[in-house]
Amino acid sequence: MINTIIWLVAMPLSGALATLLLKRYATAIAIGTGIATSISAAILLYAVATEGVMLYEIGGWSAGLGIALRADGLSALLSMMTAIVLLASSIYASAYFKENSVRSRFWPLWLLLWCSLNALLLSGDLFNLYVTLELLGLSAVALASLGGKTAALQAALRYLLVGLLGSMLFLAGVTLVYAGYGTLDLAALSREVTAGPIAWTALTLMTVGLLLKTALFPLHFWLPPAHASAPAPVSAVLSALVVKATFYLLMRLWLDIFSDVVTPIAANLLGILGAAAVLWGSWQALRAERLKLLAAYSTVAQLGYLFLFFPLLAALPAGPARDAAMGGLVILALTHGLAKSGLFLAIGVIQQRSGHDTIRDLDGTAQRLPATTFAIALSGIALIGLPPSGAFLGKWQLLAASFSSGQWLWVVVIMIGTLLAAAYTFRVLGHAFGKQPYPRRPVSIATEEWPALILTAFATIGLGLAGAPVWQLLKVSL
Amino acid sequence: MLTAHWLYGISACLIMIFGLRAALLHDSLLLRIIALNIMGTGVFMMLITIAYRGPDAAPDPIPHALVLTGIVVAVSATALALTLLRRLTEEQDND
Chain A
60 MINTIIWLVA
70 MPLSGALATL
80 LLKRYATAIA
90 IGTGIATSIS
100 AAILLYAVAT
110 EGVMLYEIGG
120 WSAGLGIALR
130 ADGLSALLSM
140 MTAIVLLASS
150 IYASAYFKEN
160 SVRSRFWPLW
170 LLLWCSLNAL
180 LLSGDLFNLY
190 VTLELLGLSA
200 VALASLGGKT
210 AALQAALRYL
220 LVGLLGSMLF
230 LAGVTLVYAG
240 YGTLDLAALS
250 REVTAGPIAW
260 TALTLMTVGL
270 LLKTALFPLH
280 FWLPPAHASA
290 PAPVSAVLSA
300 LVVKATFYLL
310 MRLWLDIFSD
320 VVTPIAANLL
330 GILGAAAVLW
340 GSWQALRAER
350 LKLLAAYSTV
360 AQLGYLFLFF
370 PLLAALPAGP
380 ARDAAMGGLV
390 ILALTHGLAK
400 SGLFLAIGVI
410 QQRSGHDTIR
420 DLDGTAQRLP
430 ATTFAIALSG
440 IALIGLPPSG
450 AFLGKWQLLA
460 ASFSSGQWLW
470 VVVIMIGTLL
480 AAAYTFRVLG
490 HAFGKQPYPR
500 RPVSIATEEW
510 PALILTAFAT
520 IGLGLAGAPV
530 WQLLKVSL
Chain B
114 MLTAHWLYGI
124 SACLIMIFGL
134 RAALLHDSLL
144 LRIIALNIMG
154 TGVFMMLITI
164 AYRGPDAAPD
174 PIPHALVLTG
184 IVVAVSATAL
194 ALTLLRRLTE
204 EQDND
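Protein sequences, first through last, are from chains A and B.
What the first sequence shows, in the working numbering, is residues 60 to 537, in sequence order.
What the second sequence shows, in the working numbering, is residues 114 to 208, in sequence order.
What the hints contain is simulated information worked out from the structure, not anything from laboratory work.
Mixed in with the good hints, there may be bad ones.
Label pairs and their in silico Cβ distance ranges [what the hints assert, rightly or not]: (1) A/R499 to B/A192: 32 to 40 Å; (2) B/S124 to A/L478: 49 to 57 Å; (3) B/A171 to A/P528: 44 to 52 Å; (4) B/H118 to A/S163: 50 to 58 Å; (5) A/L124 to B/A117: 21 to 29 Å.
Just so it is clear, CB atoms sit at the ideal spot from N, CA and C, and this is done for glycine as well.
Using the sequences and the hints given, assemble the complete structure.
See below:
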């Protein structure tokens with residue numbers, strides 16, 4: 060099998076340069092690059108599933124001095140989700156940006172974001188991860204500022220400063236790790252890290268930095284303005300992928316490399332913050348007046364669910380129960396990624412067609428844009444966690460793990476969060492229906508409406524009915 | 114015994130903490146950008162300090178390489194922050 064790891068980084072990077080040089084063909088180049096990168100991601104996923112962990116050493120320099128890229132089940136799955144979300148959003152973006160001046164600034168940054176996401180997911184050492192975190196942060200901020208209005212600039216600048224603070228704390232932790240263990244290679248570290256003051260301090264610094272970037276309550280303050288004021292395709296990717304990338308790093312650190320260092324109290328603290336995020340985020344989503352703000356607060360809540368898994372995974376001994384819960388965590392993250400990006404794209408369609416996204420004034424949207432309203436309903440199914448969505452499987456595992464480890468508190472939180480999610484979904488749908496007659500053709504604007512439909516259908520039907528390979532793939536680990 | 118090595122290490126931590134404190138407490142965005150740079154200097158100084166391997170051995174080159182990369186990243190990030198801040202000030206003046 061050909062090793063496609065390097066393609067996943069090299070293709071979007073060369074695409075970014077090409078769109079910068081050949082502005083006239085930027086959209087065509089970007090879509091072409093997107094298709095090629097997605098095919099590479101699929102080949103990589105297949106290779107990892109059939110042959111196990113893939114490794115690539117750039118320029119032949121071995122890890123330690125050179126840069127090693129690695130793909131296991133988790134990173135291959137996440138880079139596949141990245142590809143699906145980014146490709147669908149690229150198609151949407153080609154119709155979304157009408158002005159050429161914005162478009163020519165958009166594509167290079169967009170592909171650079173794709174490149175840094177893949178590099179982050181596939182990096183095998185801590186310092187390289189720091190660099191990719193910064194690249195991701197810079198391209199995300201630049202994209203978020205494309206709105207150009209005062210509010211967007213303000214939100215983007217705050218996003219940048221929070222991101223910089225987060226990466227500085229992460230780098231301080233990386234420095235301590237190197238001082239303590241003399242290596243930054245993830246595989247070597249997971250063998251060598253032992254509990255002690257250095258490991259605790261390093262993990263604390265890196266965790267606080269990453270929690271800031273992942274927007275876990277109460278460090279979420281920057282997320283709603285930044286995600287709600289960015290252009291729709293950018294919001295989709297910020298909410299679905301960028302916060303997930305830093306969450307992926309937290310997973311690697313807490314559940315793998317530093318798993319012997321993590322104490323139950325620390326894991327419970329993350330769980331409690333996650334619970335607070337579920338309740339606060341869902342409540343704010345219910346109270347939001349604008350659709351985009353609703354979607355952004357719902358991201359705060361959905362990220363909270365992911366953190367509920369940490370105390371459970373810390374309590375479960377290695378074995379089938381823990382593997383099942385781990386799969387639940389990943390499928391919940393994947394479902395949210397697809398559903399939330401679809402939701403933001405659908406909101407973008409409504410915003411452009413109606414000129415606003417005020418929930419109270421949605422009257423008749425279901426008749427004017429039936430396919431888009433359907434996409435919102437599908438994403439609602441995934442956000443609530445109804446069957447057959449992937450989130451149903453994820454929440455099922457979450458509840459099963461809570462019962463089997465006797466941590467009842469999380470069950471209450473999950474129930475309240477689910478009810479609130481149902482409430483904010485039905486609030487939107489309730490306002491969307493009017494008394495006008497339905498049009499003959501449900502999809503009126505193909506390039507704008509199909510991406511949201513495909514993403515949300517993938518989340519609600521695809522992942523729910525064909526989610527089993529996720530558990531298989533997670534067995535392939537570093 | 115307080116050797117030069119420790120003096121560097123402790124100063125690095127102090128610079129980091131001062132930068133962090135200023136970044137969290139100040140309202141002015143420009144001051145925050147400067148504070149984050151000061152904090153970064155602390156982290157870089159710590160990286161330089163851990164490269165020390167005793168008076169007779171050559172310093173470890175890897176942390177030095179990391180600092181160089183880190184500086185490049187910090188410069189680019191600061192440039193972006195300053196550009197955004199200038200555009201923001203212009204927009205606010207227009208309003």
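Going through the hints against the structure:
{"no.": "1", "hint": "A/R499 to B/A192: 32 to 40 Å", "verdict": "violated, 53 Å"}
{"no.": "2", "hint": "B/S124 to A/L478: 49 to 57 Å", "verdict": "holds, 54 Å"}
{"no.": "3", "hint": "B/A171 to A/P528: 44 to 52 Å", "verdict": "holds, 50 Å"}
{"no.": "4", "hint": "B/H118 to A/S163: 50 to 58 Å", "verdict": "holds, 51 Å"}
{"no.": "5", "hint": "A/L124 to B/A117: 21 to 29 Å", "verdict": "holds, 28 Å"}
Hint compliance for this structure: hint 1 alone is broken.
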